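Construct all of the structure, not just a fragment, from the sequences and the given hints.
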Amino acid sequence: MDIGAINDEQVELLLSDLLEHHGYDFTGYSKASLKRRITRLYGLDKALSFAEFRYKIINDNSYFKRFVEQITVNVTEMFRDPAFFKTLRDDVLPALGTYPFIRIWLAGCSTGEEAYSISIILKELNLLHKSLIYATDLNPVVLEKAAQGMFAMSQMKQYSENYIASGGTKDFSTYYTANYSLAKFNEELKSKMIFSTHNLVSDHSFNEFQLILCRNVLIYFDRDLQHQVLDLFNESLEELGYLALGTKETIDFSNIAKYYKRVPANKIWRKIK
Amino acid sequence: MTGCEALVIGGSAGSLEVLLKALPVLDVTLTFPIIIVIHRKHGADSLLPDLLSSRTRLRVKEIDEKEAIIAGTIYIAPSDYHLLIEQNRTFSLDYSEKINYSRPAIDVTFQTAAEVYKNKLACLLLSGSNADGVNGLKTVKRWGGLALIQDPDSAQVAYMPAQAKLHVEIDEILSIENIGEFINSLK
Chain A
240 MDIGAINDEQ
250 VELLLSDLLE
260 HHGYDFTGYS
270 KASLKRRITR
280 LYGLDKALSF
290 AEFRYKIIND
300 NSYFKRFVEQ
310 ITVNVTEMFR
320 DPAFFKTLRD
330 DVLPALGTYP
340 FIRIWLAGCS
350 TGEEAYSISI
360 ILKELNLLHK
370 SLIYATDLNP
380 VVLEKAAQGM
390 FAMSQMKQYS
400 ENYIASGGTK
410 DFSTYYTANY
420 SLAKFNEELK
430 SKMIFSTHNL
440 VSDHSFNEFQ
450 LILCRNVLIY
460 FDRDLQHQVL
470 DLFNESLEEL
480 GYLALGTKET
490 IDFSNIAKYY
500 KRVPANKIWR
510 KIK
Chain B
1283 MTGCEALVIG
1293 GSAGSLEVLL
1303 KALPVLDVTL
1313 TFPIIIVIHR
1323 KHGADSLLPD
1333 LLSSRTRLRV
1343 KEIDEKEAII
1353 AGTIYIAPSD
1363 YHLLIEQNRT
1373 FSLDYSEKIN
1383 YSRPAIDVTF
1393 QTAAEVYKNK
1403 LACLLLSGSN
1413 ADGVNGLKTV
1423 KRWGGLALIQ
1433 DPDSAQVAYM
1443 PAQAKLHVEI
1453 DEILSIENIG
1463 EFINSLK
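Sequence lines, in order, name chains A and B.
444 is the number that the numbering used here gives to position 205 of the first sequence; each next residue is one higher, with no gaps.
1445 is the number that the numbering used here gives to position 163 of the second sequence; each next residue is one higher, with no gaps.
Calculated from the structure, these hints are not laboratory results.
Everything numeric in this text was worked out from a predicted model, so none of it was measured.
Where a beta carbon is used, it is the ideal one built from N, C-alpha and C, also for glycine.
Misleading hints may appear alongside valid ones.
On the chain B side, residues computed to face chain A include the following (Cβ under 10 Å) [stated by the list, open to error]:
| # | residue |
| --- | --- |
| 1 | H1324 |
| 2 | I1345 |
| 3 | D1346 |
| 4 | E1347 |
| 5 | P1360 |
| 6 | D1362 |
| 7 | Y1363 |
| 8 | L1366 |
| 9 | I1367 |
| 10 | E1368 |
| 11 | L1375 |
| 12 | Y1377 |
| 13 | S1378 |
| 14 | T1394 |
| 15 | V1398 |
| 16 | N1401 |
Dropping the structure here:
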C-alpha cells in the first residue's frame, strides 16, 4: 500500500464532504486509522485521481455506501475474548435474569457475530424468550449480513473453541447448518434480535437497557467523541444495568465514571446511581 | 541522527532475547520514547511488560489507547490490535484485518510513526520469520527517518531483517551486542 497516496488535507476534505453531502460525521474519528482505511480503499479501487475519487463519493450513492463500509472496521468474531463471555454467562446475564424482561443494546454490531454469541448464551440460560437484543450499526450493509445469520464455515473451528473456552458445554455445531462454505445459524437465535441503523455520533438515545455492549468501537473515536458516546450510553442504561466495552477500552477519565462500579477483572461496569 | 523523537522496534520470532540483552544497557536519561511491537499470541498480555521491566530502570508499560507518548518510557503494543501513532502524538488501536498474518503488524506502526516523526524517527527491525516491517521501513526512509536492522547473521530467525536488507536501504546493521549502545547514541 502506498501510504503517501492521500494526505491529511485530502482526508479533511473527504470528511467535510461526507458531513455536508451525506450527513455522516467522521470528524471525531481517530485520524491515523481513518487515513489508513481511506488510503487502502483508494489503492484498492484504483481511482484515477483524488478528484475522481472525491466526486464519486459525493455523487455516486452506491459508491458512497461502499466507502462507508470500507473505511469503518467491521472485523469481528463469535465469542471473541472468551473470558468476557464467560463473565456474561456466569455473572451478568444471570443477574439480569431476575428481571421480567431483558433489553440489550449491542452498539456497533457489525456483521452480527456477537449478537449470535449472546443469543446462544441467553438460550442456554433459558432467558432468550424474555430478552430483546437491539443490534445497531451505522452501516446498513453490515446489518443486512447480520440479519442473514450466515458466517464462513472456515471460522467455525475457531468459534467452537472460543465457545467452549467461554463456558459453553453443548456441541457448537448444533447451532448451525452447513451450507457449502457458509454456516447458517438457527432461526430461533435471531428471533429476539432487532437490527437497526444507529449512528453513535449523531443519533440519540432510543430506549432504556439493562445491558449495553459496545466492544472495540470507541477505539476508533477521539477522546471527546468517546466521552460524548459514553454520555449517550449512560442516558440509555437503567440503574443497576451493565456497560461492557472492549479489552483495551475504559470509562476511566470520563464524566460518567463516578456513577459506575467495575466488575472485577473485566471491562464491564455496573451503574450504581 | 540528531533530535531523535522516537524509536520504534519491531520483532517476531527470536526477538525477545535481543530485547532482554539490549534493555539493561539503556541509559535511564533516554530523551525519546521506545515503542515495541512484537508478534505474540493473543491472550499472553500481562507477562511481556513485567518481563521487560525487570531488565531496565526505565518505565515500561503496555499501551492504553489514546495515551500520550512520553519520552523516557518504553511502550509495549498490546496483543491482537494494530498500533497506530496519531499526529497529536498519542497512540490509537485498531482491530482491522491482519497484515502479513499479523496483528499487531509492524508495518502499520512504522508507517504511521513515519508520518508523525518524519526525519526524527528511528525504526529497528529484529529477528523474525515473515516480511512484516519491510514496507514500513520503506515508508520510514521516504520520510527521512533512520532504518535499522539486527544483523541477520546474529538473528535467531534471519528472514525478517534479511528481507529488509534486500529491499530497503538500511542505515545501520547492528549486532545484538551493539543495539543497546546504539540506542543510547541516538540523541
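Hints and how they fare:
Satisfaction of the interface hint for H1324(B) is found here, the shortest Cβ-Cβ separation to chain A being roughly 9 Å, below the 10 Å cut-off. About 8 Å separates the beta-carbon of I1345(B) from the nearest beta-carbon of chain A, less than 10 Å, and the hint is met. Taking 10 Å as the C-beta cut-off, the interface hint given for D1346(B) holds, the closest approach to chain A being about 7 Å. With a least beta-carbon distance of about 5 Å to chain A, the hint placing E1347(B) at the interface is held under the 10 Å criterion.
Interface hint status for P1360(B): upheld, as the beta-carbon distance to the closest one in chain A is roughly 6 Å, under 10 Å. Below 10 Å, beta-carbon pairs count as interface contacts, and D1362(B) has one with chain A at about 8 Å; its hint therefore holds. Evaluation of the Y1363(B) hint against chain A yields a held restraint, the C-beta minimum of about 6 Å falling below 10 Å. For the restraint placing L1366(B) at the interface with chain A, the shortest Cβ-Cβ distance is roughly 4 Å, inside the 10 Å limit, so the hint holds.
For I1367(B), the suggested interface contact is upheld, since its CB lies about 6 Å from the closest CB of chain A, less than 10 Å. The closest approach between the C-beta of E1368(B) and any C-beta of chain A is roughly 5 Å, which is under the 10 Å cut-off, so the hint is satisfied. A cut of 10 Å between beta carbons decides the hint on L1375(B): the least distance to chain A is about 5 Å, and the hint holds. For the restraint placing Y1377(B) at the interface with chain A, the shortest Cβ-Cβ distance is roughly 5 Å, inside the 10 Å limit, so the hint holds.
Checking S1378(B) against chain A: minimum C-beta separation of about 5 Å stays under 10 Å; hint holds. Checking T1394(B) against chain A by beta carbon gives a least distance of about 5 Å; that is within 10 Å, so the hint holds. Taking 10 Å as the C-beta contact cut-off toward chain A, the hint placing V1398(B) at the interface holds, the least distance being around 8 Å. The interface hint given for N1401(B) is broken, as the beta carbon of that residue sits about 15 Å from the closest beta carbon of chain A, more than 10 Å.
When held up to the earlier numbered hints, the structure conflicts with hint 16 and nothing else.
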